[in-house]
Amino acid sequence: MAKTVVLERKPLSLSERTYLPQIVTGLKTTFSNMFKEKATLQYPEEKPQLPQNYRGVPTLVNDPNGREKCVSCQLCEFVCPPKAIRITPGSVPEEDEDREHVEKAPQEFEINMLRCIYCGYCQEVCPEEAIFLLDEYSSSGYTREEMINNKAKLYELGGTLPDKHYKWDKKKDAEVEGNAH
Amino acid sequence: MEFNPEMLLQLGLKVLFAFTMVGAVMTMAGYSVLAERKVSAWMQGRVGPNRTALPFVENIPFIGSFLKGLGIFQPLADGLKFLFKEEIVPGHVNKVYYYMAPLVALVPALTTMTVLPFGQYYDEAGNSSPLILANLEVGILFIFAVSSLGVYGIVLAGWSSNSKYPFLGGIRSSAQMISYELAMGLSLLPVFLWVSVPGSEASALSLVGIVSSQNDSAWLLLIQPVSALIFLIALFAETNRLPFDMPESETDLVGGFHTEYGSFKFGIFFVAEYAHIVVGSAIFTTIFLGGWHFLPWIADPWPATWVGTLLGIGWFLAKTAFLIFFFIWIRWTIPRFRYDQVMSIGWTKLLPLALINLIVYVLLVTWLDQTPSATP
Amino acid sequence: MSGPDLLFYFFATLSLGGGLLMVFSRHPVSAALFMIVSLVGVASLFVLLDAFFLAILQVLVYAGAVMVLFLFIIMLLDVGPGGAKASRLKFLSGVAGLISVGLLVILLLDLSLGAMEPSDCSADGCEDCSETSAFAWPEIREETAANGNSLVFSPSVKAFGFGLLAKYMLPLQVAGFLLLAAMVGVIILSRKSTGEEGG
Ligand code: SF4
Ligand code: SF4
Numbered sequence: 001m002a003k004t005v006v007l008e009r010k011p012l013s014l015s016e017r018t019y020l021p022q023i024v025t026g027l028k029t030t031f032s033n034m035f036k037e038k039a040t041l042q043y044p045e046e047k048p049q050l051p052q053n054y055r056g057v058p059t060l061v062n063d064p065n066g067r068e069k070c071v072s073c074q075l076c077e078f079v080c081p082p083k084a085i086r087i088t089p090g091s092v093p094e095e096d097e098d099r100e101h102v103e104k105a106p107q108e109f110e111i112n113m114l115r116c117i118y119c120g121y122c123q124e125v126c127p128e129e130a131i132f133l134l135d136e137y138s139s140s141g142y143t144r145e146e147m148i149n150n151k152a153k154l155y156e157l158g159g160t161l162p163d164k165h166y167k168w169d170k171k172k173d174a175e176v177e178g179n180a181h
Numbered sequence: 001m002e003f004n005p006e007m008l009l010q011l012g013l014k015v016l017f018a019f020t021m022v023g024a025v026m027t028m029a030g031y032s033v034l035a036e037r038k039v040s041a042w043m044q045g046r047v048g049p050n051r052t053a054l055p056f057v058e059n060i061p062f063i064g065s066f067l068k069g070l071g072i073f074q075p076l077a078d079g080l081k082f083l084f085k086e087e088i089v090p091g092h093v094n095k096v097y098y099y100m101a102p103l104v105a106l107v108p109a110l111t112t113m114t115v116l117p118f119g120q121y122y123d124e125a126g127n128s129s130p131l132i133l134a135n136l137e138v139g140i141l142f143i144f145a146v147s148s149l150g151v152y153g154i155v156l157a158g159w160s161s162n163s164k165y166p167f168l169g170g171i172r173s174s175a176q177m178i179s180y181e182l183a184m185g186l187s188l189l190p191v192f193l194w195v196s197v198p199g200s201e202a203s204a205l206s207l208v209g210i211v212s213s214q215n216d217s218a219w220l221l222l223i224q225p226v227s228a229l230i231f232l233i234a235l236f237a238e239t240n241r242l243p244f245d246m247p248e249s250e251t252d253l254v255g256g257f258h259t260e261y262g263s264f265k266f267g268i269f270f271v272a273e274y275a276h277i278v279v280g281s282a283i284f285t286t287i288f289l290g291g292w293h294f295l296p297w298i299a300d301p302w303p304a305t306w307v308g309t310l311l312g313i314g315w316f317l318a319k320t321a322f323l324i325f326f327f328i329w330i331r332w333t334i335p336r337f338r339y340d341q342v343m344s345i346g347w348t349k350l351l352p353l354a355l356i357n358l359i360v361y362v363l364l365v366t367w368l369d370q371t372p373s374a375t376p
Numbered sequence: 001m002s003g004p005d006l007l008f009y010f011f012a013t014l015s016l017g018g019g020l021l022m023v024f025s026r027h028p029v030s031a032a033l034f035m036i037v038s039l040v041g042v043a044s045l046f047v048l049l050d051a052f053f054l055a056i057l058q059v060l061v062y063a064g065a066v067m068v069l070f071l072f073i074i075m076l077l078d079v080g081p082g083g084a085k086a087s088r089l090k091f092l093s094g095v096a097g098l099i100s101v102g103l104l105v106i107l108l109l110d111l112s113l114g115a116m117e118p119s120d121c122s123a124d125g126c127e128d129c130s131e132t133s134a135f136a137w138p139e140i141r142e143e144t145a146a147n148g149n150s151l152v153f154s155p156s157v158k159a160f161g162f163g164l165l166a167k168y169m170l171p172l173q174v175a176g177f178l179l180l181a182a183m184v185g186v187i188i189l190s191r192k193s194t195g196e197e198g199g
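Chains as they are written, first to last, in our numbering: chain A, 1 to 181; chain B, 1 to 376; chain C, 1 to 199.
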């Protein structure tokens with residue numbers, strides 16, 4: 001059992017009761033602080049070093065082959081707490097050699113950055129790992145409209161992630177080998 | 001007394017000097033705002049304002065960026081900002097007093113400096129006369145009288161704002177200022193007692209007399225440390241600086257008496273506050289730090305010419321600047337007192353201490369008087 | 001009209017006008033502020049008479065301290081315009097007015113009877129004020145001279161101190177005692193009674 005030790009508080013001595021020595025100590029501390037190294041980051045010139053798991057602006061990413069990953073399942077739209085995402089689903093044309101088995105792709109994909117709370121749920125819920133909160137953190141604009149990221153903007157921000165997630169390629173290979181599902 | 005050219009010239013010179021001094025104090029006030037920001041930044045491991053730049057000065061290779069880094073041009077930008085901000089007057093205020101209050105706050109702060117000696121002028125014969133706008137026999141009392149009027153600005157601002165936080169700030173400040181004025185006056189009595197040599201014709205209530213008494217001998221800070229301490233604490237309270245910034249304590253009164261003020265009117269309050277600090281530092285320098293005289297017990301090393309005049313003024317300004325730094329330093333070191341603590345420090349600690357100090361020095365001076373060899 | 005005269009009329013108007021406005025203004029706060037104006041005007045008149053010390057004391061004590069307390073109380077009680085409603089107050093103010101008018105008459109009579117001589121001195125401003133003041137109160141000067149002191153009555157601080165602590169020692173002590181009594185009274189009145197609950 002932890003034992004609590006109650007310490008007797010000593011009565012203040014005369015010099016302590018004037019507070020002057022204590023004030024002098026404090027003054028010394030602040031004075032020496034003046035010559036310490038500054039913690040300030042000169043922001044626009046110097047950028048902060050972001051940690052690996054930093055959650056910046058949500059973006060859409062391509063797979064390593066440069067193809068669209070999002071399949072317009074609208075799970076992110078559903079999960080987004082402040083309803084920042086709006087997806088207009090579209091279909092992938094049947095004859096697209098590159099993207100066999102993918103039925104849908106977003107026709108339009110908007111994330112309203114005035115609503116987004118950077119919670120990262122969209123990244124978490126996405127079955128295709130198509131949406132990522134990357135390290136872009138300074139988004140600004142002069143109007144409300146400018147703050148709504150459309151699909152082009154989202155892909156521009158996201159780019160291509162070098163991940164090892166070739167889900168649809170695997171599906172295609174499987175079908176070629178006659179082993180669908 | 002008829003007007004003649006010489007009188008007009010004298011009058012013109014006086015007016016010119018007055019404007020120069022107002023300009024100097026205002027500039028110093030502006031730069032103490034900058035100093036406040038810079039020093040607070042350094043003490044907290046930040047760098048402070050370092051972005052403002054003037055178009056051409058900025059391009060001077062080395063100096064430009066150095067000045068920019070020091071934020072030298074920041075006060076200019078701040079002043080312009082105050083000027084061009086939108087004037088907002090809340091609907092519920094008492095208009096006349098609301099507009100009057102900032103002026104009432106600023107004028108006493110600038111008036112006190114008329115009786116402040118800041119240097120020494122040597123004529124051809126090598127005689128020195130003090131540089132001062134008005135050499136009053138009772139200079140220090142004049143300062144007390146005028147600075148006691150400064151409280152009206154705050155009280156009026158608090159009352160005319162017609163809302164609760166400014167009102168509380170105004171009430172607090174008037175109570176605080178009245179309380180600390182007593183300790184302040186009492187703390188100076190022993191100083192004047194010490195300085196006035198018995199039998200001398202000159203009145204020792206004049207600040208010039210005080211400064212010249214410190215020439216070539218100890219600073220009064222060393223002779224009267226308790227007085228200096230009490231005076232300094234009271235000065236903090238009178239200028240509403242941090243351990244005693246009851247009228248505008250941001251944490252409990254939003255902004256205190258100037259909560260309802262914006263743009264230039266707020267700027268005037270701001271400048272008045274710093275002008276108080278500048279003038280207060282100068283007064284402390286004059287009384288306790290030997291004014292424009294060099295170090296204690298050392299005669300002024302500069303020649304008795306205009307060079308000496310300039311060096312003396314510079315030395316005076318350096319001491320004042322150090323005191324301003326001290327004000328800032330204290331502000332960023334000590335937390336604020338609670339209101340009842342402020343009052344109890346003033347009435348139950350400082351006032352009795354000042355009285356005891358007075359009695360001790362009265363006895364001491366009397367004793368020294370009885371033994372003629374040891375007169376100060 | 002020369003400079004000091006102009007200044008005299010200016011400050012006289014300031015103090016009289018301030019006083020009048022104080023009496024006639026509806027709002028207590030304005031009244032208090034006008035009273036400050038009037039007091040400062042009087043102080044400036046003292047300055048014109050070379051009595052710097054008196055002037056400064058006037059500002060320091062009345063304008064700086066007493067009036068702050070007045071304002072303080074007016075603001076704390078939040079007295080609106082037209083405070084004096086009760087007939088008792090009306091009666092009291094009538095009595096006070098009568099008394100002050102009486103005092104004024106006595107003062108004027110005394111001045112006109114007692115100080116006929118110095119009227120020619122006031123014409124040329126106040127170049128030599130110690131002379132003027134000595135004229136008005138010749139007894140004091142004679143007495144200090146008779147006591148073997150070189151200090152004549154003058155507006156200097158020293159003369160004030162000397163006068164207070166030598167000639168007017170008794171009144172000073174009495175005034176001090178009165179103030180002490182008032183102070184003790186205030187302390188007793190404002191102290192919470194410890195014996196009973198809720199006192
Ligand atoms: S980060 Fe959160 S709020 Fe922002 S879009 Fe994704 S789910 Fe919505
Ligand atoms: S980003 Fe992911 S979760 Fe959102 S619609 Fe596209 S595939 Fe579905």
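What the hints contain is simulated information worked out from the structure, not anything from laboratory work.
Careful, some of the hints might be misleading.
As the list claims (entries may be wrong) - Footprint (simulated), chain B over chain C, 3 or more residues, beta carbon under 8 Å:
no.: 1; stretch: 13–26
no.: 2; stretch: 170–179
Said to hold, decoys possible - Each computed DSSO-like pair below joins lysine-lysine, with the alpha-carbon atoms no more than 27 Å apart:
no.: 3; chain 1: B; residue 1: LYS349; chain 2: C; residue 2: LYS192
no.: 4; chain 1: A; residue 1: LYS151; chain 2: A; residue 2: LYS83
no.: 5; chain 1: A; residue 1: LYS171; chain 2: A; residue 2: LYS47
no.: 6; chain 1: A; residue 1: LYS153; chain 2: A; residue 2: LYS104
no.: 7; chain 1: A; residue 1: LYS38; chain 2: B; residue 2: LYS68
no.: 8; chain 1: A; residue 1: LYS10; chain 2: B; residue 2: LYS349
no.: 9; chain 1: B; residue 1: LYS81; chain 2: B; residue 2: LYS95
no.: 10; chain 1: B; residue 1: LYS68; chain 2: A; residue 2: LYS36
no.: 11; chain 1: A; residue 1: LYS36; chain 2: A; residue 2: LYS47
no.: 12; chain 1: B; residue 1: LYS349; chain 2: A; residue 2: LYS28
no.: 13; chain 1: A; residue 1: LYS47; chain 2: B; residue 2: LYS95
no.: 14; chain 1: A; residue 1: LYS38; chain 2: A; residue 2: LYS28
no.: 15; chain 1: B; residue 1: LYS85; chain 2: B; residue 2: LYS95
no.: 16; chain 1: A; residue 1: LYS171; chain 2: A; residue 2: LYS104
no.: 17; chain 1: B; residue 1: LYS14; chain 2: B; residue 2: LYS85
no.: 18; chain 1: A; residue 1: LYS104; chain 2: A; residue 2: LYS172
no.: 19; chain 1: A; residue 1: LYS104; chain 2: A; residue 2: LYS83
Unchecked claim - Where chain A lies over chain B, by a calculated footprint (3+ residues, C-beta under 8 Å):
no.: 20; stretch: 43–54
no.: 21; stretch: 332–338
Cβ coordinates follow ideal geometry from the N, Cα and C atoms, glycine included.
The hints, checked one at a time:
{"no.": "1", "hint": "13–26", "verdict": "violated (count 0)"}
{"no.": "2", "hint": "170–179", "verdict": "violated (count 0)"}
{"no.": "3", "hint": "B/LYS349 - C/LYS192", "verdict": "holds (22 Å)"}
{"no.": "4", "hint": "A/LYS151 - A/LYS83", "verdict": "holds (16 Å)"}
{"no.": "5", "hint": "A/LYS171 - A/LYS47", "verdict": "violated (42 Å)"}
{"no.": "6", "hint": "A/LYS153 - A/LYS104", "verdict": "holds (20 Å)"}
{"no.": "7", "hint": "A/LYS38 - B/LYS68", "verdict": "holds (17 Å)"}
{"no.": "8", "hint": "A/LYS10 - B/LYS349", "verdict": "holds (22 Å)"}
{"no.": "9", "hint": "B/LYS81 - B/LYS95", "verdict": "holds (23 Å)"}
{"no.": "10", "hint": "B/LYS68 - A/LYS36", "verdict": "holds (21 Å)"}
{"no.": "11", "hint": "A/LYS36 - A/LYS47", "verdict": "holds (22 Å)"}
{"no.": "12", "hint": "B/LYS349 - A/LYS28", "verdict": "holds (25 Å)"}
{"no.": "13", "hint": "A/LYS47 - B/LYS95", "verdict": "violated (49 Å)"}
{"no.": "14", "hint": "A/LYS38 - A/LYS28", "verdict": "holds (18 Å)"}
{"no.": "15", "hint": "B/LYS85 - B/LYS95", "verdict": "holds (19 Å)"}
{"no.": "16", "hint": "A/LYS171 - A/LYS104", "verdict": "holds (16 Å)"}
{"no.": "17", "hint": "B/LYS14 - B/LYS85", "verdict": "violated (35 Å)"}
{"no.": "18", "hint": "A/LYS104 - A/LYS172", "verdict": "holds (16 Å)"}
{"no.": "19", "hint": "A/LYS104 - A/LYS83", "verdict": "holds (21 Å)"}
{"no.": "20", "hint": "43–54", "verdict": "holds (count 5)"}
{"no.": "21", "hint": "332–338", "verdict": "holds (count 3)"}
Consistency with the previously given hints fails for numbers 1, 2, 5, 13 and 17, ordered from lowest to highest.
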